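Working from the sequences, and respecting the hints, build out all of it.
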Amino acid sequence: MIRFTLNGRAQEANVEADMPLLWAIRDVIGLTGTRFGCGQALCGACTVWIDGQPTRSCQTTMADVAGKAVTTIEGVSGRVTEAVQKAWVDLDVPQCGYCQSGQVMAAIALLESNRKPTDNDIDAALSGNICRCATYQRIRSAVHQAARSLA
Amino acid sequence: MLARMMRNTPAAKASRRGFLLGSAAVSGALVIGFRPSAGSAQSATAPAEAALTPYIRIGADNRVTIAAAHMEMGQGIYHGTATLVNEELRADWSQIDVVGGANNPKAFGNLMWGGAIQGTGGSTGLASSYDRYRKAGAAARLMLVQAAASDWKVPAAEITVERGIVRHGSKQATFGALASKAAALPIPANVPLRDPKDWIYIGKDRDVLGKLDSRAKSTGAQVFTIDVKLPGLLTAVMIHPPLFGATVKSFDAAKAKAMPGVVDVVQVPRGIAVVADNMWHALKAREAVTVAWDDSRAEKRSSAELMASYRETAMKPGGANAVTAGNVDAAFKGAAKVLEATFEFPYLAHAALEPLNAVARIGNGRVEVWGGHQMPDIYQAIAAQVAGVTPDRVTMHVMKTGGGFGRRAVADGDIIQEAVSVSRALGGRPVKVQWDRENDMRGGRYRPAYVHYLKAGLDKEGNVVAWYNHIVGQSIMTGTPFEAGYVKNGVDPTSTEGAHKLPYAFPAMKVDLTTAKVGVPVLWWRAVGSTHTAYAVEAFIDELAEAAGKDPIQFRLAMMKDSPRHVGVLRLAAEKAGWGQPLSAGRFRGVALAESFNTFVAQIAEVSLENGQPRVHRVICAIDCGIAVNPDNIRAQVEGGVGFGLGAVLKSQLTLDGGKVVQGNFDGYEVLRIDEMPQVEVHIVPSAQAPTGVGEPGVPPIGPAVANAFYQASKRRVRILPFNRPENA
Ligand code: FES
Ligand code: FES
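If you read the sequences in order, they're chains A and B.
Counting in the working numbering, the first sequence runs from 107 upward without gaps.
Counting in the working numbering, the second sequence runs from 5 upward without gaps.
Simulated from the structure, these hints should not be mistaken for lab results.
Note that the structure is a prediction, hence the values are computed from the model and not measured.
We put the beta carbon where it would ideally sit given N, CA and C, even for glycine.
Fair warning: there could be bad hints in the mix.
[Said to hold, decoys possible] Derived EDC-like pairs (lysine to aspartate or glutamate); straight-line CA-CA distance at most 16 Å:
#1 K192/A x D211/B
#2 K655/B x E614/B
#3 K505/B x D566/B
#4 K464/B x E550/B
#5 K655/B x E685/B
#6 K208/B x D196/A
[Stated by the list, open to error] The calculated label-pair distances, taken between Cβ atoms and stated as ranges, are:
#7 R221/A x E309/B: 32 to 42 Å
#8 Q159/A x R171/B: 52 to 62 Å
#9 Q159/A x N66/B: 43 to 53 Å
#10 K664/B x D124/A: 27 to 37 Å
#11 D225/A x A52/B: 47 to 57 Å
#12 G114/A x L234/B: 27 to 37 Å
#13 K222/A x T484/B: 48 to 58 Å
#14 T251/B x D124/A: 25 to 35 Å
#15 K233/B x E118/A: 19 to 29 Å
[Stated by the list, open to error] Listing some non-contacts, in silico: residues in chain A with all C-beta distances to chain B over 12 Å:
#16 K174
#17 R254
#18 S255
Dropping the structure here:
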């Protein structure tokens, strides 16, 4: 039994210690907003926060998260989250949308620590998140728009 | 991509027929297309709905549900379909939902392919939907009006419909209140469509109509195939042959079957499936399965070996003739200057971010299949055959997918076969077959590798007098059901499109094709033939312009007297880019032009040099796709097309070593990331012509535009792709 905090609530999972967090939250707990793209920490589709830090859940084991606070796309909230999601919708950023949970999680985390990111800051924070539809230009614009709305 | 399927049937005729047939029998079986997917959020509590046409249902809860004929993979066709319907219907935008239609080829058949089967591809979605969905919206609106007219005993002509409210004087009603009465009326045929001058949605931007699914896709709520939930759903991962053409000799799954969560390990025609209660258990158990393969008939050549033989073939005369115009031999003899060049293109994987998957369930003689069904009628037949039932016993649920780029339009329905055969092997239990990235990348169906040999003659004034192009590579259609209808005299048009019909008036021209026989499965990849032909042609044109001492845009314009739409986009791009005006130090421009799927695109790239590679800063695009139904979606598709195509030319390649695919994930198979994304500006040519597609045409010009700019920066011509190949250093 592994105990941790998931989206602000105490969570128990009766899973093996070596199970990646990604499959525990998707297949065992049933939160499917976090997506599988590569399984090797190469694409960012599975990005969640662990104790507030953006982390690849496909390469994080359940043993790693014991006692920690995990936040998924279903559990984010607050001013920065609202600003980011509003900008994403206002600019119609998503195409297929499959990568966007990971992009949004990375973007919120960036703005939580840097309220006025430059293009370079955005590139550095999000270059681990692949978008095969290449919505990158709108992602950049949306991060800037969210930053402006938070100023 | 599938644009050519059955194109001999005139689309206009099929359009009318498809709509009338669909309309004539709205009750009963035709409504099946609307059955909500059990994988979607609405399914559990779907309220009573009334079908006004096979395409539009209105619920007692006042929701308007539109069944789209084309699968949504990010190209925005659900948005386009809703725009077309609502231009006529005039619901409130917020009351509309779009779902995937299926199981009804009469209603959903692709009119650009002749109308007989449903399918998505070849950037045909909007063209096929343009009349069909406006007519459906107009018919539904009239039915609501007639229902109100009879309720209120007023003339229908005096009733107005605005933002979901039907009104006459002080009387008003919602669509939901009128829906069941309206659905009982006969569907009117040939309702006149609104005059374009009265349009309030078509051609408008996202300040008027945002995409309906942007919020769900920004909050994680969107349901993809990987997210489908069913009672008792199992997950299967596949072991595929390590070489294309190898088969299972024997396997030992004893250890795997004893592992936690494992339900079974079964052999199916396409490999071995490890089935478990969740993905992790399946993946872990897969490691414990040992398989002996029979590779006696497998493809064992390396890609280097294949390319060497393609090169040799390309430089010799031969192949099937795709086009001949004028006297090519004489024209070359009379030329003042002859140039030649050879271009090499690697295999490319689609690598959509959602790895291939499908969900199947069999019970009570019925089969259900959830997936990104790009060709649902064909997959329905395949599922029926695998399950041993008739196709009418199979229900296809069309899910939105995490990208596609052509990979989900496969004649043999690979993933469908797997899902249904695994479910069948488990006695019909619901199962999701989920490929991991390595399955997806090593599973074949690549953009074929090609070599182009090009030769051109210039006269003393620098005009092109002779053009010869020999293309060598695999055929996509040969060996599939499409071969009979499309491969003519040894020429697969998907190998030569973008090369055999050029906007340039050459007095003499010859294009030959040698189709290579290789055991690597190949497929259409976003923009298909033009992904390589546009590069070869447009990069070579740039070489000719230089040899002629002419400006590359003037050089092209002089040869395009009969290609007004090409000229239009080229001039617009040049104007917007400030072509001819100086750039900041260290920046260089290149231009390219390509028509694909009846859409015309010119792009001008601005690059600088960085560690011997191009850094692309800005791309100015001009596009003519007829009437711009959703301008912002057009911009989005071109932006994405540029990024998708740029990543491929800069660094994507799929190579084989002794027949084995080398790359398995995004470390070896590199794609564009955000730090390499240029600023893309999209300018749309105003047009009153019928709309054409935009999902693919943004891709072809970016490679040659960058190559031509890179030449200005480095004086090096990149003729072997991708750019980061050691040969280009
Ligand atoms: S699935 Fe975890 S980084 Fe790709
Ligand atoms: S929106 Fe499709 S992968 Fe990013």
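When the hints from earlier in the document are held up against this structure, which numbers fail? 5 and 7
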